[in-house]
Structures are given as structure tokens and as C-alpha cells.
Amino acid sequence: MSLNPAGRCLSAVGCAALIAFALFGCNRPYSELDQVIERNTKAMGGRDAIAAINSIEIDLHIVDPGFEVDGIYRAARPGSPRDEAVGLAARMRIDVMAGGKHVFTEAFNGERGWQWKGKGDPVDESPQATAALRHGVELPGKLFGLYELRERGHQIRVAGRETLDGTEYFVLELRLSDGYATSLYVDPKTWLVTRRRDVRPLHVDIDPTPTTIEARSSDFRKVSGVMFPFASADVDLGTGKMLESATVREIKVNPAFDQAIFDNL
Numbered sequence: 008m009s010l011n012p013a014g015r016c017l018s019a020v021g022c023a024a025l026i027a028f029a030l031f032g033c034n035r036p037y038s039e040l041d042q043v044i045e046r047n048t049k050a051m052g053g054r055d056a057i058a059a060i061n062s063i064e065i066d067l068h069i070v071d072p073g074f075e076v077d078g079i080y081r082a083a084r085p086g087s088p089r090d091e092a093v094g095l096a097a098r099m100r101i102d103v104m105a106g107g108k109h110v111f112t113e114a115f116n117g118e119r120g121w122q123w124k125g126k127g128d129p130v131d132e133s134p135q136a137t138a139a140l141r142h143g144v145e146l147p148g149k150l151f152g153l154y155e156l157r158e159r160g161h162q163i164r165v166a167g168r169e170t171l172d173g174t175e176y177f178v179l180e181l182r183l184s185d186g187y188a189t190s191l192y193v194d195p196k197t198w199l200v201t202r203r204r205d206v207r208p209l210h211v212d213i214d215p216t217p218t219t220i221e222a223r224s225s226d227f228r229k230v231s232g233v234m235f236p237f238a239s240a241d242v243d244l245g246t247g248k249m250l251e252s253a254t255v256r257e258i259k260v261n262p263a264f265d266q267a268i269f270d271n272l
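For the sequence shown, my numbering begins at 8 and goes up steadily by one.
Think of the hints as simulated: they come from the structure by calculation, not from any bench. Please read these numbers as outputs of a predicted model, since none were measured by experiment. Positions of the beta carbon are idealized from the N, C-alpha and C atoms, including for glycine. Treat each hint with caution, since some may be false.
As the list claims (entries may be wrong) - Taking lysine to aspartate or glutamate pairs in the DMTMM-like style, the calculated list, with each CA pair at most 25 Å apart, reads:
#, residue 1, residue 2
1, K149, D241
2, K149, E257
3, K49, D243
4, K248, D270
To be verified - Label pairs and their computed distance ranges (CB to CB):
#, residue 1, residue 2, range
5, H68, G160, 29 to 39 Å
6, S225, P262, 20 to 30 Å
7, A59, L244, 29 to 39 Å
Please model the complete structure; the sequences and the hints are all you need to start from.
Below, the structure is given as C-alpha cells:
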């Protein structure tokens with residue numbers, strides 16, 4: 008049976024339309040969340056530069072209402088494919104000096120948190136303090152980019168927009184894999200995360216009372232192709248009181264240090 012030319016033409020048009028529909032369906036536009044993450048990633052320096060950060064060392068000065076100290080913060084991504092496969096968290100350690108003397112250390116080796124109070128042997132952190140150390144190193148801005156959060160098993164969504172001090176921020180609601188929740192504020196002018204809000208104690212082992220804290224980041228500078236904040240401040244939103252501030256003196260990306268520092272003093 009012969010096919011008429013018109014039928015053949017309609018059939019071809021129909022096939023082309025179906026193919027086009029399928030292609031556009033597979034390549035639908037990014038969601039609002041995808042767009043915010045993409046712009047933030049570009050502003051931070053790009054995926055390649057962020058992914059190249061395997062470890063970091065931060066020399067900083069910390070000011071609390073009652074004291075001032077210096078600190079060296081070190082952190083490293085999970086050390087092997089096996090670590091990633093079993094969901095092992097990143098590792099961190101901070102050594103605190105007062106008057107040039109080493110007086111305190113806190114560390115998290117991906118599973119266990121521990122601390123040393125200037126004398127005696129190190130002791131295990133409480134479960135709450137261990138969780139706080141893990142949260143700090145998993146959040147974007149040190150080792151990881153915003154785009155990596157979902158890859159690492161955390162949940163993130165756009166919760167809306169909020170205007171603070173004249174800036175209409177994108178508010179991202181983040182829930183880490185252990186249930187910890189926080190809100191990240193992305194500045195649409197710079198596409199950097201410049202604020203974070205959550206309900207938590209500032210130092211759980213000193214005072215476990217939770218309060219609503221806003222962590223503010225500023226003075227962003229590029230180090231090894233990635234933007235880092237060189238100033239930060241934690242503010243109690245209920246009282247307006249400054250809880251803690253920190254100024255960064257130097258950031259080293261991929262410094263050489265013994266990975267055993269996360270396990271023992």
C-alpha cells in the first residue's frame with residue numbers, strides 16, 4: 008500500500024515534535040536551588056578550585072567577651088575512597104594559645120571527638136560537642152562547596168527570601184545527615200554565603216543552653232583561587248549581644264601536616 012506524501016509529512020513532523028519534547032524534557036531548566044548553588048559556586052571560584060582543597064590551615068585571632076586567644080585550625084577531607092563510601096565525615100583540629108602558651112585543643116577524626124585542656128591526657132568529647140565539631144567542618148566555606156552538600160548526603164532547599172539590612176537574601180534551609188538544621192543566607196549581589204542562623208549553644212561544654220545565633224562572614228579574599236572570609240562574628244539574635252568574633256591572619260590551602268594530628272595530641 009502506498010503512503011500519500013501528506014501523511015508522510017505529518018508523520019515526520021509528529022516524530023520531530025516528539026523527539027524535541029523528549030529532549031527538552033530531559034534538559035529542563037534548573038530549579039531555583041540549582042541556580043543559586045551554581046552562582047555561589049562560580050562566585051567562590053568554581054568547582055575545580057573548590058574540589059582541589061584537600062586540607063586547610065587557618066591562623067586566627069579569637070575575641071570573646073572575657074578573653075582573647077590565638078588559634079590554629081586545621082581540617083582535611085575524608086582521606087580515602089573507603090572513607091567516602093562509608094560516609095566518614097571530614098576531620099578537624101583547633102589548637103588554642105594564650106600568651107604564647109598552648110592551653111587547649113579540640114579535634115574530630117571523622118568519628119570521635121576529643122579535647123585537651125592544657126594538662127593531663129586528652130579526653131573524649133561529649134556526644135553534643137562531637138556533633139558540633141562535625142557540623143562545623145561539614146558546613147560549606149572551609150573544605151566543601153555548597154554544591155557538594157547533597158552529594159555528601161545532606162538536604163538543602165530554598166526556604167524563600169528575607170530582607171536584612173537592605174539586602175534581600177536567598178535563604179537556604181540545610182539539614183545535615185544527622186538531623187542538624189541551619190539556614191544559610193546567600194547575598195544576591197555577591198552570591199556568597201554571608202550569614203548563617205541556627206539554634207545552638209555557642210560552646211556546648213561551657214554552657215549547653217541553646218540560643219538563636221547569627222554567624223556573619225565578611226572580608227572575603229581569594230586564596231588558591233577560592234574565596235574565604237577573613238572576618239566572622241557570632242551574634243545572639245535574642246539580645247543583640249556579640250558572642251564571639253574572629254579575624255584570620257593567614258589561610259594555607261593543602262598544607263603538609265601529619266594526618267595523625269586528628270587522632271591524638
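Which hint numbers doesn't this structure obey? 3 and 4
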